[in-house]
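There are 2 protein chains.
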Amino acid sequence: MTEDTERHAMKMAKKKAARDKIMATKTDEKGLVIVHTGKGKGKSTAAFGMIFRCIAHQMPCAVVQFIKGGMSTGERDLIERHFSDICQFHTMGEGFTWETQDRTRDMEMARAAWEKAKELIRDPANRMVLLDEINIALRYDYLDVAEVIAFLQQEKPGMTHVVLTGRNAKDALIEIADLATEMELLKHPFRAGIKAQIGVEF
Amino acid sequence: MTEDTERHAMKMAKKKAARDKIMATKTDEKGLVIVHTGKGKGKSTAAFGMIFRCIAHQMPCAVVQFIKGGMSTGERDLIERHFSDICQFHTMGEGFTWETQDRTRDMEMARAAWEKAKELIRDPANRMVLLDEINIALRYDYLDVAEVIAFLQQEKPGMTHVVLTGRNAKDALIEIADLATEMELLKHPFRAGIKAQIGVEF
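Protein chains in written order, with UniProt numbering: chain A, 1 to 202; chain B, 1 to 202.
Simulated from the structure, these hints should not be mistaken for lab results.
One or more hints might be untrue.
Here are some of the chain B residues that sit facing chain A, going by a computed Cβ distance under 8 Å [what the hints assert, rightly or not]:
hint, residue
1, A9
2, A56
3, H57
4, M59
5, L179
C-beta: ideal position from N, C-alpha, C; glycine also.
Extracted from the complex, chain A is given alone in its bound form (with noise of 0.2 Å):
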């Protein structure tokens, strides 16, 4: 070995040993209260990319749409097509709020929606359950934070995972979440006038 490979691997066998030492630590399984919030893109991508990883694994799971339209259609499908048996799909949303301009109706639709949700992850068949773009009804107080809150910490199966969706997520959700994830934008397509494009964001 030359002289820079021998201290490359030194390196490795050093920062290798380090994460062994910490992964041994790790030893508990648990539930968890997943957030994906931030302004940019990936948070019910990455939730979906999850729901296919527990589909991939035979795990039964579960996706409420809090708002229709914030995933794509063409998920939606494959899954109904493919995977029908293992998860289980309900869009409650009737379009982003700003589509509507109905509050009552947005509140009604938002309560359909959790009463779902709660429905699902009581049932500990469910090993994942995933509340796509819930934060949104919670921004606009469709939902009571601490209702949601309080009924995870004391309803929620102990090893039940719960996945949040969406921008603005509330703080004291963060607080109580396991596992949270900001995804912020460096760069955007839109802003060189670029459209949504099929397979990117839908």
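Let chain A serve as the given structure and place chain B on it in line with the hints.
Showing chain B alone in chain A's frame:
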């Protein structure tokens, strides 16, 4: 309507008008260079979500894994079992660099993965090509970022999307990206002694 719901309706109507006006200026379509970076979770997962979105729309696509373990073997299995006609999957990496400690071999692996990536991107049948964890190979200078950028700018077919993931994305790559997102870590369950769990991390 009460005064409150009326005010809400007006506010939402204004938002919708502003949004519609912005969206009307977004008329172009093009293949995007998309970068997912940052220390948070969801970089590969969101990229996989886009691959599943392409699959949902019957758009031929491909994945090259530069680092084995960069994503779930579950996802690979799911794609190979159900969607191998529409998505090619190539795992070229041999484990994280700190697992192998052999710079020469790592460089050969990265080079082989890049040659495969170029072949897949040049084929205009592929509408999206995911280069998973290529940023790791670029960071350790296993690949030359200038070479990768030159290829994307000069040889990528106009309508092909290329997604590049991994932490520590080079500034020069973000510079030429159409869409770049930083996944920022707000909270991570490892800090509470929770280990990597099926369905969440793999």
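Hint check:
1. Interface restraint check for B:A9: the shortest CB-CB distance to chain A comes to about 4 Å, inside 8 Å, so the restraint holds.
2. Nearest Cβ of chain A to the Cβ of B:A56: about 3 Å, under the 8 Å cut. The hint holds.
3. For B:H57, the interface hint holds, since its Cβ comes within 8 Å of a Cβ in chain A; the closest pair sits about 5 Å apart.
4. A distance limit of 8 Å between C-beta atoms decides the matter here; for B:M59 the minimum to chain A is near 5 Å, and the interface restraint holds.
5. The criterion of a C-beta within 8 Å of any C-beta in chain A is met by B:L179, whose closest approach is roughly 5 Å, and the hint holds.
The structure meets every hint from the earlier list without exception.
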